[in-house]
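Residue numbers (the working numbering), protein chains in the order written: chain A, 66 to 223; chain B, -8 to 675; chain C, 1006 to 1191.
Hints are not guaranteed to be accurate.
Simulated pairs of lysine to aspartate or glutamate, EDC-like, Cα-Cα distance not exceeding 16 Å [as the list claims (entries may be wrong)]:
1) Lys135(A) / Glu1124(C)
2) Lys135(A) / Glu1122(C)
3) Lys135(A) / Asp147(A)
4) Lys1078(C) / Asp1164(C)
5) Lys437(B) / Glu476(B)
6) Lys277(B) / Asp210(B)
7) Lys135(A) / Glu151(A)
8) Lys392(B) / Glu142(A)
9) Lys277(B) / Asp211(B)
10) Lys1078(C) / Glu1190(C)
11) Lys392(B) / Asp98(A)
Note that these hints are calculated values from the structure, not bench results.
Note that the coordinates shown come from a computational prediction; the quantities given were computed from them, not determined experimentally.
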Amino acid sequence: MQRSLKVYLVLMAIAAPVLIASAAVQPPPPSDDEVNAIAHQLYCPVCENVPLDVCPTQACAQWRATIRDKLAQGWSEAQIKDYFVEQYGERVLATPPARGLNWLVYVLPPAAFLAGAFVLYRAFRSGGQNSEPLVPTAPDADGDPYVARLEEELRRRS
Amino acid sequence: MLANLGYFSLVLTFVAALYGAGAAAYGAVRRRPALVESARHAMLLTWPLVTLASLSIIALLVGRHYEVKYVAAVTSNAMPTYLKVTALWGGQAGSLVFWSWLLSAFATAASLRRWERDREFLPWVIVVTMITLAFFISLVIFFENPFQRLWQTLDGRQVSALFQPSGTIPLFPTDGQGLNPLLRHPGMVIHPPMLYLGFVSFVIPYAFAIAALVTRRTDDRWIRITRRWTLVAWLFLSLGLILGGRWAYDVLGWGGYWGWDPVEIAAFMPWLTGTAFLHSVMIQEKRGMLKHWNMLLIILTYSLVIFGTFLTRSGVLSSVHAFAQSAIGPMFFGFIGLTFVVSVSLLMNRWGELRGENHLGSVFARESLFLLNNLLFMGILVVCFWGVLFPLISELFTGQKVTVGPPFYERATGPLWVGLLFLMGVAPLSAYGATSWRSLGRGLWKLLLLSLIVPAALYFSGVTLAGALIGYWLIGFVAIVTLVEFWRGALARHRRHAESLPLAFWRMAIRNRRRYGGYIIHLGVVLMAIGIIGIEMFQTETQGTLARGESLSLGRYTLTYESLAQFDTADGRNVARAVVQVSRDGRNLGDLYPRRDFYYASQQPMTIPGVRSSLQDDFYVLLVGWEPIAQEGATFKIYHNPAVNFVWMGGLIFIAATLLAAWPTREFDGLREAATARAVVARA
Amino acid sequence: MTDKSALEAVVPPRPVQWGVILVWVLVLGLLAVVGLGLIRTQQGNIGVGARAPDFQLTTFSGSTVDMADLGGKVVVVNFWASWCIPCEQEAVELETAHQQFKDQGVVFLGVNYVDTESEALAYLDRFGITYDNGPDLGTRISQAFRIRGVPETYIVGRDGRLAHVKIGPYESLSEIQTAVNASMEE
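Extracted from the complex, chain A is given alone in its bound form:
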């Protein structure tokens, strides 16, 4: 009994603003740009790797119509995306939500990069101690080390 009352209250809380809004002024129908802004972040399984806003297939046109309907009903962007995920699975999102195994998507590349940077750092440390200047940097007649380097490089090139 109490539970159903709670549910009713929650429902009213959600519905009330919508009802009030629609009663007060008829909101303008959602524009194409509003639809596309959301569609751009979604991918339809029928045409893989093409964002929904530019996919020319019939299925995608229907999806865009759905977004328009939901917008007209006052749904938010997040609600619409959730709806699509529920209907068609997580693959509709441009990037996998960061939870569970999907964490790996975001964690591995930076981790690999840092590991590479660390290896490089160690190489610098161990190499730096016993390094000796190879290129003679003695200034030449003009006293311009740049020219000396240029000539040196020319010489070494052969």
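Knowing the structure of chain A, use the given hints to seat chains B and C on it.
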């Protein structure tokens, strides 16, 4: 008849390639030069044979031999002749033959060089190229045979086989299905061959690297021999990628040129390792360091080339570019696994012999900066590789399909690209060996300050996006550094050799093509970066449904819908073509014709944009929808793409400069140059 | 293939055993993943004789059909979508077959693949389809059957194993009848 001839020559090629590989290996191990020579002859035989096979396919395609399955699948009566010829690489089987043809041509070209100084490499180069060739030919012979004929069984089923199966009658269709409409674009006609050229020419440096490992000749000889091959491979790969981008921009109708599609990335990954390789081999040549790393890079590049081909052809990934699913996946997988494992084992076995001749000095020395450059390229590679692979992993372990789309790649690689831009500006100012941060900083700070003009000017003209300002600052920095390098080099030469400045400039660039070609490539990259930042950060779009005579505005542009016509064409399309008038600030700029083609045969729509292009921006119109009967209302999507033409201009400069860097120098020139340089130093 | 293993090369040679092991683990792990992915793709859709996957279908009318409750019956599972032109070819025939077989312990189920509810309902209405239809929520059912496109039809025999698979639309009513009859006899 023609089909049998082509097939027979492929079988012969397979035998010759296998014999060549076997004889070369045996001859090298047993020290039998005669056997190696025989292997070389076998290798020389492969190119004419594959040429014959390719020519017979082309003859079948042009001759409307629709009784051949491949011909019926990729051509139709409505296609013009040039498209029929290029249909050679329009389908799976034909493109494998084309790949093999390129490989045999390159192998032949490599074997025709003068080998006196590097005899010991020859047999192993033959082994690597011929095994690769045999693999590709075997795919054609056993799995994807372009010469299979169509037959009809008595109960009406269609079967395909090379020779007449019992109980069938030959089938003679009068027309074929035709090439996928997306591929009927001039850009698409030359884009794949460029990519293949790039892919295939990377086999040659790899072959030499393996030869160097096997023969334990681990100095930089293999790098010097293959320097030009590598540059040429890289040239074609870059060209293929740029053309692919242009094709996407012109035909795919989504307002961009690069969508981070798995297949695009598959071609991009060898380019990344190839670019890293091009930079790091210089360190080995100059300082005798990074030998392991270079070996690893070329092995990776080769594996990624094969892996990229595998990804596009095995059906493992779904993508707009992918070929239809096919049985060759497992073969490819086996081949990649085998070559990769063998190469890496060989490298590990020779690890100790690849000791560097120098140690890393200062962090600010040029070799260190090159290593940082390599680290960044590898970082981008990891992002790409992981992004492509992850959907597979996810599906395997959770059963859930996921999409790893452009936002992931953009966010993950963005900082790395910024780092690369910065290095591109710093590295030319650094010197080899031990450089202190002071000496580097001395050359650096003025130019960094000077380049602040660029973001400052942009800021006052109304650009406030921090990312764009930083990007354009670095772009300005790289451009200034590169131009100053040119100026200083020319000035030094001008003083020293008493040459006029333009002559000094010209001689300097011509005499050291690799270095100054490289700098011009950097300038090309800078131009491309201007365009990329422009479209990535400042692209705007809008969409609207218009009645005839109504307008839609975006920024300073206004589009007015004038009319729309829908009609069938002779080549099996239904075309809806709109006429829209475009004006900027109220001034009429003329008409554009965005259209939607629907191909009946393949049931595929294709959106061709109407584009008004200028140096500063593109106005890009797509016809999204229309009311079919009255044609009164139509929906248009318009994009404003600022600076996108810099991408193409930068691309052109990039390619031209790579050509310059790869252009052969006569040995004589180099010797004379060196002699002069020595004399000058002695005098000093 | 990560840059870690690769950059090991930069360090002056030190044949650390664990480094070598790490490299091989990475290489082989990578190959294994690609190989498994390849096996998966090569498998194609579920074949005849395999156990049909268990699934629950929430129909458009709100009720739930559970495969587990349909044991002992022949179940015809048809994947379709309203945007799919070839699906229309077989829509009427499927309904006719449903009317004919519904009293013989044969259950028809329509799984609506990647579609929008309003369009799907309009399609069902247009072809007068009365058997249970529902959306493929989260594309879970289609992934379980590993379908490659629509339409595809899977007939599950009384023993819960696939008795018949049809890729693409049925050409005629008799083709459906033949398939269902054969599945009933097994």
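### Query
Is the hinted pair Lys135(A) and Glu151(A) satisfied, with a Cα-Cα distance of at most 16 Å?
Holds, because 14 Å separates the two Cα atoms, which is no more than 16 Å.
### Message
Check the hint pairing Lys135(A) with Glu1122(C) against an upper bound of 16 Å on the C-alpha distance.
### Response
Roughly 12 Å separates the two Cα atoms, so the pair holds.
### Message
So if I understand the rule, the pair passes when the alpha-carbon distance is 16 Å or less; does Lys392(B) with Glu142(A) pass?
### Response
violated, 22 Å
### Task
Starting from Lys277(B), check that the Cα of Asp210(B) is at most 16 Å away, please.
holds, 12 Å
### 16 Å limit on alpha-carbon distance, applied to hinted pair Lys135(A) and Asp147(A)
holds, 12 Å
### Task
Could you grab the alpha-carbon distance between Lys135(A) and Glu1124(C) and see if it respects the 16 Å cut-off?
holds, 15 Å
### Query
Is Lys1078(C) close enough to Glu1190(C), meaning Cα to Cα at most 16 Å?
holds, 12 Å
### 16 Å limit on alpha-carbon distance, applied to hinted pair Lys437(B) and Glu476(B)
Roughly 14 Å separates the two Cα atoms, so the pair holds.
### Message
Can you confirm whether the C-alpha distance between Lys1078(C) and Asp1164(C) stays at or below 16 Å?
### Response
holds, 8 Å
### Task
Below or equal to 16 Å on CA atoms is what counts here, so check Lys277(B) against Asp211(B).
holds, 10 Å
### Task
Quickly compare the C-alpha distance for Lys392(B) and Asp98(A) to 16 Å and report which way the hint goes.
violated, 29 Å
Violated hints for the displayed structure, listed by number in ascending order: 8 and 11.
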